[in-house]
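Since chain A is already given, all that's left is putting chain B on it; use the hints.
So the protein sequences, as listed, match chains A and B. Count the first sequence with our numbering and you get residues 636 to 990, in order. Count the second sequence with our numbering and you get residues 636 to 990, in order.
Just so you know, these hints were derived from the structure itself, not from any lab. Here the structure is a predicted model, which is why all the values come from computation and not from measurement. Do not take every clue at face value.
The list cannot tell twin chains apart, which means a pair is met if one copy fits it or any two copies do.
[Unchecked claim] Dumping the calculated DSS-like pairs for lysine-lysine here, alpha-carbon to alpha-carbon at most 27 angstroms: (1) Lys861 with Lys962; (2) Lys861 with Lys908; (3) Lys662 with Lys962; (4) Lys962 with Lys908.
Number of protein chains: 2
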Amino acid sequence: MKHQEIIFTNSVAQAIDAVAQSINAPKTFVLVDANTAQLVLPLLQRESQVVAQAVVIEMQAGDINKNLDSLAMIWTRLCDNGATRKSLLINIGGGVVTDIGAFAGATFKRGIRFLNVPTTLLSAVDAAVGGKTGINFNGFKNEIGAFREADAVIISTSFFGTLPSMELLSGYAEMIKHGLISSEECYNRLLDYDISNADDADRLLVLLEESVNVKRRIVEEDPTEKGIRRALNLGHTVGHAFESLAMHRNSPIPHGYAVAWGLVVELVLSHLKLKFPSVELQRLASYIKDNYGVMAITCDDYPQLLELMHHDKKNESTEINFTLLDKVGSVHIDCTATESEISTALDIFRDLMGI
Amino acid sequence: MKHQEIIFTNSVAQAIDAVAQSINAPKTFVLVDANTAQLVLPLLQRESQVVAQAVVIEMQAGDINKNLDSLAMIWTRLCDNGATRKSLLINIGGGVVTDIGAFAGATFKRGIRFLNVPTTLLSAVDAAVGGKTGINFNGFKNEIGAFREADAVIISTSFFGTLPSMELLSGYAEMIKHGLISSEECYNRLLDYDISNADDADRLLVLLEESVNVKRRIVEEDPTEKGIRRALNLGHTVGHAFESLAMHRNSPIPHGYAVAWGLVVELVLSHLKLKFPSVELQRLASYIKDNYGVMAITCDDYPQLLELMHHDKKNESTEINFTLLDKVGSVHIDCTATESEISTALDIFRDLMGI
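Okay, chain A solo, but in the shape it has when bound:
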């Protein structure tokens, strides 16, 4: 996989113009959703010459529209507006826009150049790096897609002012995960910053850069997810199960909240199986409880949660796979746990959360 340029800046318009100039495309397209069309695009059209002159493709917002219909609409708009192999596509938005836009870019005429400009914390820290592109299909998330990195990603905190705190916290859970798998120093800096206010955009940009670089290093080492990249799954085996459980209850929870609670359960497992220090476990549990509240589960939910973990696509055998830690920054991939160990961990999680 080629090296993807990642630019951290709060001067987004200038960065777009500089990157577009170096790419020198004869024609440029901008993909936005209804939200970024309203909140971000007008500003960039004023400040960036490239965005001002680009053909705008607007899709409907929301994960439900990360589908084949939207993808075909994007392909058609590119085609009808004379996109060639040398055209440039700039994806401006959250994870939905960067995922589907990157897949459209990876497949239009077998691949054109594209930039990602994430406008949410979650897409900045997660979706814009790693080359995972795609759409939901046939009722499954990200069922169709490709591994393909953007030519450049422009990451900024300047759009975050208008984001609801729930979105900020959701993205921050992925940053905390990156802290946990990288180093104590990085992790401590994250717990010291007050994300619920997020009023120091420049300090957040520094933390975000550190966090994205954790992910980038891991992805570059293992682009197709055969080994160490699974470190990034920390919190996600249980987190996905929480997310699906909430979906089945018809009260969906944000992905990052599910990951936050998943991190606590998986650190309990790390404590049980690898002696992860209990003082660190309690510190994280309090932090998550204070900022994210609690995931309301009872022991009646355990069978369904275990079933969901079995069905997770990373777990095809009869045992359930986890990424665990023996201390902050020290990762063990391909750990397994029995259903009884997971049930014990869920008991302790409920204790820690006071539910």
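What follows is chain B alone, placed relative to chain A:
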């Protein structure tokens, strides 16, 4: 791009079983079209254990069905039949099946393993090697796709017995092109073989292996078509224009026939611009006329042909790009010709063809 395994054999069933065993997929799928479902699949189901146990996905035959509907059908069938990231897809058919099947394989769950088993000469020599996958979209050929090679390609001449001679000649034009861009020896061996009978399947397999290896060497040197891979465009700039002209006249011609005639015109240009020997030019012109007949054009068609060459996706500037030869085996990419030079070449082509 990883190295793609290409197996030349007339024991296809055994080769499929051997490759599938080394891949060791928990579940295998076979993609066929209505033709190969009838003519090839029953034989392979009898002789190959892997094919016998595979889930069969059948699509409609013909280039018109290399579209998004067929692709979505293939994705859905994979999904509904429990395909995972570890599944194997075996594409058995002509270029339509290998193109769309490879694209489905490249994008289902961001990429699963797949084999191509071309059953026509054209797909054996051309479509199955080089990693070009895709579908037609919005009225354009191969508008959507990806560069992704199969895990293995199994090439055989044993299915060719039932092919109409028009299909054999169509594929053979691509082999002649490979001869022209590689060496006099290779080229002479091709002109010495009687493809219209094609009754010596083992000798044809040897020629096919040599021809595929010409393409493979070039593709490996330049997987994303930035330089020398354009050698493979020899005959295609004019050939595509002939193909489109025939389409507009509502009397379509096979791709390989268009390439055969395109080769003659482009060797005329090579003669005019690079002193390609006239004796070799006349030899090819006679061979093409004897085997393929003639492309009926008059000077009234020149403006439309020139317009079509301008619109070819490899020709974005005002001049028209060609790959030319100064002698057999000696390639010059990125040559340009003026409209007046091309018109002269078309005049000489009509002379050589006696039209």
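Here's how the hints hold up against the structure:
no., hint, verdict
1, Lys861 with Lys962, "within (23 angstroms within a copy, 48 angstroms between copies)"
2, Lys861 with Lys908, "within (23 angstroms within a copy, 52 angstroms between copies)"
3, Lys662 with Lys962, "neither (50 angstroms within a copy, 39 angstroms between copies)"
4, Lys962 with Lys908, "within (12 angstroms within a copy, 71 angstroms between copies)"
When each numbered hint is compared with the structure, a violation occurs for hint 3 only.
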